[in-house]
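**Q** The primary structure of each chain is shown beneath.
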Amino acid sequence: MSWLDRLLGRNETSGQIAKQRLQMVLVHDRADLPPGLLEQIKDDIIQVIARHTAVDTANVAVHLEQNARENRLIAEVPLLAARGRRG
Amino acid sequence: MSAQVLTVTSGKGGVGKTTVTANLATALAMLGKRVTAIDADIGLRNLDVVMGLENRIVYDLVDVVEGRCRLRQAMIKDKRQPELYLIPAAQTRDKTAVSPSDMVLLCDQLRQEMDYIVIDSPAGIERGFRNAVAPADKVLIVTNPEVSAVRDADRIIGLIEAEEKGPGQLIINRVKPQMVSRGDMLSVDDVLDILAVELLGVIPEDERILVASNQGLPLVMHGLNGSSAGEAFRHVARRLDGESVPFMDLSVKPTFMSRLRAFMSGQN
Numbered sequence: 480m481s482w483l484d485r486l487l488g489r490n491e492t493s494g495q496i497a498k499q500r501l502q503m504v505l506v507h508d509r510a511d512l513p514p515g516l517l518e519q520i521k522d523d524i525i526q527v528i529a530r531h532t533a534v535d536t537a538n539v540a541v542h543l544e545q546n547a548r549e550n551r552l553i554a555e556v557p558l559l560a561a562r563g564r565r566g
Numbered sequence: 214m215s216a217q218v219l220t221v222t223s224g225k226g227g228v229g230k231t232t233v234t235a236n237l238a239t240a241l242a243m244l245g246k247r248v249t250a251i252d253a254d255i256g257l258r259n260l261d262v263v264m265g266l267e268n269r270i271v272y273d274l275v276d277v278v279e280g281r282c283r284l285r286q287a288m289i290k291d292k293r294q295p296e297l298y299l300i301p302a303a304q305t306r307d308k309t310a311v312s313p314s315d316m317v318l319l320c321d322q323l324r325q326e327m328d329y330i331v332i333d334s335p336a337g338i339e340r341g342f343r344n345a346v347a348p349a350d351k352v353l354i355v356t357n358p359e360v361s362a363v364r365d366a367d368r369i370i371g372l373i374e375a376e377e378k379g380p381g382q383l384i385i386n387r388v389k390p391q392m393v394s395r396g397d398m399l400s401v402d403d404v405l406d407i408l409a410v411e412l413l414g415v416i417p418e419d420e421r422i423l424v425a426s427n428q429g430l431p432l433v434m435h436g437l438n439g440s441s442a443g444e445a446f447r448h449v450a451r452r453l454d455g456e457s458v459p460f461m462d463l464s465v466k467p468t469f470m471s472r473l474r475a476f477m478s479g480q481n
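So the sequences go chain by chain: A and B.
Using this note's numbering, read the first sequence as starting at 480 and increasing by one per residue.
Using this note's numbering, read the second sequence as starting at 214 and increasing by one per residue.
Everything labelled a hint here was simulated from the structure, so no lab data went into it.
It should be emphasised that the depicted structure is a prediction, and the values quoted were computed from it without experimental measurement.
For each residue, glycine too, the CB sits at the ideal point set by N, CA and C.
This list has only true hints and no planted wrong ones.
With a Cα cut of at most 20 Å, we get these calculated SDA-like pairs of lysine to any residue: (1) B/Lys389 with A/Ile496; (2) B/Lys225 with A/Val504; (3) B/Lys378 with A/Glu549; (4) B/Lys225 with A/Arg509; (5) B/Lys225 with A/Arg500; (6) B/Lys225 with A/Val506; (7) B/Lys389 with A/Thr492; (8) B/Lys225 with A/Asp511; (9) B/Lys378 with A/Arg509; (10) B/Lys351 with B/Val458; (11) B/Lys225 with A/Ala497; (12) B/Lys389 with A/Ala497; (13) B/Lys225 with A/Asp508; (14) B/Lys389 with A/Gly494; (15) B/Lys389 with A/Ser493; (16) B/Lys225 with A/His507; (17) B/Lys389 with B/Glu359; (18) B/Lys389 with A/Gln495; (19) B/Lys225 with A/Gln502.
Simulated DEER-style distance windows between Cβ atoms: (20) B/Pro313 with A/Gln502: 32 to 40 Å; (21) B/Lys292 with A/Leu512: 50 to 58 Å; (22) A/Pro557 with B/Val360: 29 to 37 Å; (23) B/Pro313 with A/Pro513: 29 to 37 Å.
Here are some chain B residues the structure puts well away from chain A; computed CB gaps all over 10 Å: (24) Lys225; (25) Leu257; (26) Asn268; (27) Gln391.
The shape of chain A in the complex, shown without the other chains (with noise of 0.2 Å):
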């Protein structure tokens, strides 16, 4: 990196860049999910909670992380205050 690229605000070096990439791309290559399939199972699982109690939709996050080489999917479902329920 040169110090015309620290001037620029380029703070990444394209060594850098290619490891978080294949790191990206490979989590998707072990678990054979593509990036797309992701989206349909956040939906599936909304769908799937929302018949019990209701579920933040917007605030729902599913993604796949990595650990050597074990694939998780982790599925962030935040549920709305369930308010009244108790009253």
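Once you've looked at the hints, dock chain B against the given chain A.
**A** Below, chain B alone, put in the same frame as chain A:
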């Protein structure tokens, strides 16, 4: 003692499988081992020219498998190493001329007479790859510090594990220390982070590799000093033979200009 079968593979083409195979087979032979190299890239024969044995071919791998010659007749003896042999690929056939079980049978016939059998796999993940991996005791995965090569290596690692030939060991070929030091090439640590596999060797980029293949004389035979890639290959051979050899220091020695550049970019 029965031979160990080492298969050199990569997924992506052009990362240096044939160069690695030729140099490791030769380096193992230079350690006094009995070695047979097998070119499993049927239809795209190349190990013969890299080893400088192309003029001696009479029979090939497919001739052995189809019973047109005895195994010994297809084994070309190296010009310089007394216990190094090559079984060349057929040039006018395709990958389906040989099956994975043919390869297992052929290697089993060789095991008693050899210490190492080194198989050069074709690129890809299809039949040719499965032929090459079927008899393997250990799979050596060759990659370059480059996005597409690392991605393909990851795929290969997965396939090797599925075939229960895993986990495999990694050789990172064509590393350019200058580019790594300025952040424009994936470092060895980056690649290991991503692939999470055991490192067997790091081979620096070296123009003499091309000179060596021009001459048909694997780099490890080009004298004992002056070639960092040749030295790195000899280290890999010793590691394969059970010796613990520290990895070469490929970091770039700082010069006045590189220090100045680092200072200007705030990396000092």
